[in-house]
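Listed here are the chains, written in short residue letters.
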Amino acid sequence: MTAMIHEQHNMTPTVETKMTARDVKVFYGEKQAIKGVSIDVDMDNVTAFIGPSGCGKSTFLRTLNRMNDTVASARVEGTITLDGEDIYAPSMDVVQLRARVGMVFQKPNPFPKSIYENIAYGPRIHGLAHGKADLEVIVEKSLRRAGLWDEVKDRLHDSGTALSGGQQQRLCIGRAIAVEPEVILMDEPCSALDPIATAKIEELIHELRGRYAIVIVTHNMQQAARVSQRTAFFHLGELVEYGVTSDIFTNPRQERTKDYITGRYG
Amino acid sequence: MAEHTIKAFDQEMDKLRGLIAEMGGRAEEAIEKAMLALQRHDRAMAADVVADDKRIDAIEAEVEKLAIEVIALRAPMANDLRDVIAALKIVSVVERIGDYAKNIAKRVPLMNANQRMQEPIALLPSMGQVAGEMVQDALNAFAARNADLALAVIERDTVVDDFYNSVFRTLVTFMVENPKTISECAHLLFIAKNIERIGDHATNVAEMVYYAATGNTAPERERGGQNQED
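For the protein sequence lines, the chains are A and B, in the order given. Following our numbering, the numbering of the first sequence begins with 1 at its first residue and continues without gaps. Following our numbering, the numbering of the second sequence begins with 267 at its first residue and continues without gaps.
No lab work stands behind these hints: they were computed from the structure. Model, not experiment: these values are computed from the prediction. Be aware that a few hints might be false.
Covered, in the sense of this in silico footprint (three residues per stretch, anywhere, with C-beta under 8 Å from a C-beta of chain A), are these stretches of chain B [as the list claims (entries may be wrong)]:
1) 268–282
2) 341–348
Computed Cβ-Cβ distance ranges for the label pairs, DEER-style [what the hints assert, rightly or not]:
3) R211/A x K273/B: 41 to 47 Å
4) A341/B x T17/A: 38 to 44 Å
5) G127/A x N482/B: 52 to 58 Å
A few chain A positions that, by computed beta-carbon distances, are all more than 12 Å from chain B [to be verified]:
6) G84
7) D247
8) T262
Heads up, the beta-carbon is just placed ideally off N, CA and C, and yes, glycines get one too.
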């Protein structure tokens, strides 16, 4: 399937593949939510997952760092690798995996602690900092990368929850960055934000591109068009089409993709 | 094609198509009337063609306004986006086609009614008819999203080119044999050139229609029958 998609949209195979999924199926009890999805995620391109509600895009995103493990009825089949390593192998340390594959959620969820602590917590428990000075460097670097430093540098010890929604979301991105992930998964990171805060997150995604492999789930097709270089369209648990974003939005190959992105769906 | 969930979007796209169909009809009519005016040396009809061109210009302005609104307010995607962009490009080309017809009509009163070049004048209306049909078909192809019809228009361009070459040779022969006809022949040569340009523009429209309908550029065509000048 992946080979076919590459051919279809002339995707250059030279990019560094970070994660691969092969014939991934997800079941919630008896119900099958994902029906055999194969896809590659690479370092150089932001990948957007789009599709109507219930199409499986978020479910699939959550398989990439085993967030579905926390759902008792969920069962995952198929193979998902990170740098060629099977992330569902028994030897895989899930805590370590989730540091390498970070996640940002729909609603900003900072810890009810200071801005500083929100960032410092991860590096501290993962043993990434040696001493206070080291930790301060990490906090500043992470907040700078998250585009938040200038706004909070004078009030690092204020509560993270006192920030605006957009700032909280950038704090959460900073918190994900602080543990030096390789992949960042974003599940509708802007759906609770106003257009200005959304634009700041989108600009941040653009700046983070290349340093981390980024996968974003979004309901907002314009957002997918703006921030991603690869777009995957999901429908009824299937990956209908995956290709270069500009191709998907100007000349989709599949009728279902076309109907969805032109607003003819349903 | 399935309807948009937002009905007003469909209405706007239909309106865009309707305006372009109307513009195509008017452009074809202008070509036909200009040819008739030339044949009959009918100054009143020629004046009509010049006056009617204002409506073609007005439709161009209307389509541009509507297309910009659709882009701004509806954020069209995929085939919708291609249609809107094609509409924008098509109207500026059809406006040029209208100008060529107008230019032909403007020459009618300048020509000498007593010194008719029967042979080329007999050839020009048929040439004009092919070009006019190409315009009409290209725009019908847009309205119907018909890529095959657009391809057929592209292929017909060589017919107009062949006509032009034939008219060109005839007129040069006339001018060589009888220099008194030069002024008359020069007008006819410009008219032939205008029709040849109309054929080229109709071909360009057809290529835009093909892209809008399929998402791919039209296959490269054989450029048969090279023009004698240009």
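Inset, instruction - Taking the numbered hints from earlier one at a time, note which ones the structure violates and give those numbers from smallest to largest. - result: Failing hints, ascending: 4, 7, 8.
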